[in-house]
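Grab the two chains, each in its own frame, and use the hints to assemble them into the complex.
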Amino acid sequence: MALVDAIFESVARVVASTFHCDPAIVRVDSEASDIDGWDSLSHVYLIMAVEHELKVKLPLSDVMECANVGELAALVRKVRAS
Amino acid sequence: MLKPSIIFFGNCHMGVARNALGRIGELTDHFELIFFRHDSHPSLWNAEIEPALDRCAFFFGQVNSDGTELREAVLKRLPAACRTVALAPSFLNSFWPFVTHDDRNNLHPTPLLGESYPKYLCNRFILDFIRRGDSPELACRRFLEMDIRSVVDLDRLHEISIAQLRGLEREKDITLSGFIADNFASRRLFLMPLHPTGHVFSEMCRQMINIIGLQPSAAIAQLLGDLQQFRGVGPYEVPIHPQVAEHFGLNWAGGLRYRHFHEGDFSHAEFAERYARFEFGYGYYQGLQLLRVGRKVEAFERFTEAARVNPRSRYIARTFANLAFELGKVEEAMAALDRTVIEEGETADAELWVAVAQGSLAIGAHSLCEGAAGRAIALQADSIEAWRLRSLGLGLQGQRNEANLAARRYQWLRSQPTLRPLIEDSGAEFGRHWMNWDDAGF
Numbered sequence: 001m002a003l004v005d006a007i008f009e010s011v012a013r014v015v016a017s018t019f020h021c022d023p024a025i026v027r028v029d030s031e032a033s034d035i036d037g038w039d040s041l042s043h044v045y046l047i048m049a050v051e052h053e054l055k056v057k058l059p060l061s062d063v064m065e066c067a068n069v070g071e072l073a074a075l076v077r078k079v080r081a082s
Numbered sequence: 001m002l003k004p005s006i007i008f009f010g011n012c013h014m015g016v017a018r019n020a021l022g023r024i025g026e027l028t029d030h031f032e033l034i035f036f037r038h039d040s041h042p043s044l045w046n047a048e049i050e051p052a053l054d055r056c057a058f059f060f061g062q063v064n065s066d067g068t069e070l071r072e073a074v075l076k077r078l079p080a081a082c083r084t085v086a087l088a089p090s091f092l093n094s095f096w097p098f099v100t101h102d103d104r105n106n107l108h109p110t111p112l113l114g115e116s117y118p119k120y121l122c123n124r125f126i127l128d129f130i131r132r133g134d135s136p137e138l139a140c141r142r143f144l145e146m147d148i149r150s151v152v153d154l155d156r157l158h159e160i161s162i163a164q165l166r167g168l169e170r171e172k173d174i175t176l177s178g179f180i181a182d183n184f185a186s187r188r189l190f191l192m193p194l195h196p197t198g199h200v201f202s203e204m205c206r207q208m209i210n211i212i213g214l215q216p217s218a219a220i221a222q223l224l225g226d227l228q229q230f231r232g233v234g235p236y237e238v239p240i241h242p243q244v245a246e247h248f249g250l251n252w253a254g255g256l257r258y259r260h261f262h263e264g265d266f267s268h269a270e271f272a273e274r275y276a277r278f279e280f281g282y283g284y285y286q287g288l289q290l291l292r293v294g295r296k297v298e299a300f301e302r303f304t305e306a307a308r309v310n311p312r313s314r315y316i317a318r319t320f321a322n323l324a325f326e327l328g329k330v331e332e333a334m335a336a337l338d339r340t341v342i343e344e345g346e347t348a349d350a351e352l353w354v355a356v357a358q359g360s361l362a363i364g365a366h367s368l369c370e371g372a373a374g375r376a377i378a379l380q381a382d383s384i385e386a387w388r389l390r391s392l393g394l395g396l397q398g399q400r401n402e403a404n405l406a407a408r409r410y411q412w413l414r415s416q417p418t419l420r421p422l423i424e425d426s427g428a429e430f431g432r433h434w435m436n437w438d439d440a441g442f
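Sequences listed follow chains A and B, in order. Under the working numbering, think of the first position of the first sequence as 1, with each following residue one higher. Under the working numbering, think of the first position of the second sequence as 1, with each following residue one higher.
The shape of chain B in the complex, shown without the other chains (with noise of 0.2 angstroms):
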């Protein structure tokens, strides 16, 4: 007999909310859990949605302007005693008064996303300052030293902002402007106008684990404290201009880094020097796309290019390891890897010690591979890969009883499910959308 569905409607913050709540083992055993994007083509709304909708007990049902009559549509098949859940998505725009469009976008070709730099992190006054003749640089020292106070209602924006949310809010069943206009301060909730980062999702999912009645458990409690550890969704974020940090008393802005999709993480004033000057790795993309048809040596050129254009990007880095390893070019692929390690420092993840850990053993660093193994078991206990490669350099160097625990380790990794990622890395699948880009360029 089927379950009853659970389905999440709407943009990407409905998709994390179904993977955060598919890790309650208390819910999955009783429900099928189905995302649902409001942009959904219909031919996916056949194959994956229709069975599930006639034994629907939960809707969340986020209300997006351009998904409404998808929506409206979905609304009308559930059942009589489905629990319909309206919720608005959540935007907050008061640190971002800079908004604006960018015909440059047009003038080069891009692969993902439709733009190199989406409008939210454009920036009219240094346009401004482009259109009266200042060449880029000037334009952006002239952002920089300009005095945002004098020429933004910082409060004005943001109360707007507020009224906003909490107007498109208003007679819905999940409510998150209060818990915003509360923490917006003192947490980062999010990482641009559009993409709230794992505080907001830990409120949402609250709400929603409420609804469907699950009583408190340690283990909601440890996913909905997991939650808020999460960076956030999306490719890029907008850098925060000082003065608007200092304005509302961000106290966790000091010296962010903003991520600009695989280009790298910048601060603010990196960030405004690369937007004046319009800079974009366009190479790295291309290679991308290459190595999709399979064309490898071509995409390794676009990613030494890429590299050197980039240094400091670690996704360059470790697509040109990736790919140095393949091509056999071992020392330009650890060269890279060092690179990366000490550019990522205290936040390098597990993946990036496997590949140090792979690399070293295909040079015969034995020692240097089970210690990166170590490195990536410490950030990550069950990488199978990781106990595999600290097995073999233990073993390598002699040590066989502990390279003989780690293989033990392994095998029973490996007998184990698939561990799922509580949440999906938003940077990997982001990567989706330029995989779909049409080579016939090349």
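So here's chain A without its partners, still in its complex pose (with noise of 0.2 angstroms):
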């Protein structure tokens, strides 16, 4: 559970980071539209940089399937198991 919630930080703190807004308001249910200036575009640079700081590589078909942070931290977290 601890790494779980290590995993879901450190995205969340990517996305904050991106983003430029608070850490505190990304949840695990925080979609696009909860998050200001995140949409279609930029989320091509939150792939990058949650690829660049969490060092994985995650498939692109999945990727782009995530609807929310927690969906994100979880393909991550699959990524790094195989």
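Because the hints were derived from the structure by calculation, they are not lab data. Any given hint could turn out to be false.
A few chain B residues that face chain A, going by a derived Cβ cut-off under 8 angstroms, partial list only [as the list claims (entries may be wrong)]:
id, residue
1, 91
2, 99
3, 154
4, 159
5, 163
6, 167
7, 172
8, 214
A short, non-exhaustive set of chain B residues, derived as facing chain A with CB atoms under 8 angstroms [what the hints assert, rightly or not]:
id, residue
9, 93
10, 101
11, 104
12, 107
13, 108
14, 157
15, 164
16, 168
17, 193
18, 194
Beta carbons: idealized from backbone N, C-alpha and C, even for Gly.
Take a look at the structure:
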């Protein structure tokens, strides 16, 4: 659980850093519509930042399907586990 | 009987499509073409769109994240026989890995589009250097000396960008991701991540024409060819780092100068320097606002200072010259136009040469007036004002036969229906944004 939380916290930090928002507002169910500046275009930069900070390469077909921060963190967890 | 309508719904890309297809007589003879912005005010919905919905034959609806509700509402109103065509907004991030938000925008009042340096123009590396204590000049130098490829995986950025675009186009009727992927290196397809050039619009319109069912024709081929010459939408361009250009083999990117609103055109390095210093000619936009409310003398003072700060901005020079002519400051106007002609060189357009001709006429330089008008006509054969000035210039030099010929051409053009340009100049279009600025500060 601690590792799960740590991954989510890391992803949330990247989201906050990428979109210059308060990390406290980034939740598991936070979607693009909840975060100012997060849209289909800027999503590309978020993926780059997540991959860079968490040292993973995410399968593109899966990452495009992530609907919120929690799902993005789950994908990172899954890739790391494999 | 009212014609069936073709509705173009979405962002400015759809406006360009509407204007372009509006040049096809075969189409406008049978359809009314309407552009409906995805973020339109509800009052516009009723006034402009309501009557066209019931007779809509084709609905080209861009699927935008911030236009979903309106699009869904429109779709429910369309007749059963309407062909609905879905497409995604086109974009390309690959050349611009530095995008970020810059809080310095919040510190400076700005009249246009909310920010002097929108996020696509901002640079996270320069900002990081500044945050660490570097002066703007040092931060810029460090940035220009960086090995970009060692800190950004450009191929991965491109891979993600294309995948994103393909994903958004899944199950859409018009797709541009393949065209973009195949041509991004050999042609300039985007001026900034969201603003396509004519190449993209030409392909988009080609697909639209196919869907409508028009047969290929010389007129359509001409239109699509003309569209490829369209510079593109938007009031600014995001510079491409030379290392990025080299990495992707962008042969067309060498020596490019990038427009920044009405500030002028800058090389990549020049832009980086201005950005690091957060330079922006606010006086010019204040001058426009003063001009709008009729305070011409004060506006002229602002423009004079703006021209000093941005001596190479042809937009400022032209605005300055126009007002100088109005205020009777002909010599200053001509000096500004001279600078602009030198600055723009071969890229000078007909409008500039008309201005030179007008100024020349005002100072009695009839030969110069005739010559400048001739240059304008060479660039835009249907320029009514250019023919008028040519006629005057020739006549005042005693060349009556030639003057009469030019006068006849002028009269004929005046008698024709207004010849709309193919595509509205996006630079003029965005000027309307700051004309909404409240002038309470003055």
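Task: Hints breached by this structure - done: 3, 7, 8, 11, 12 and 13
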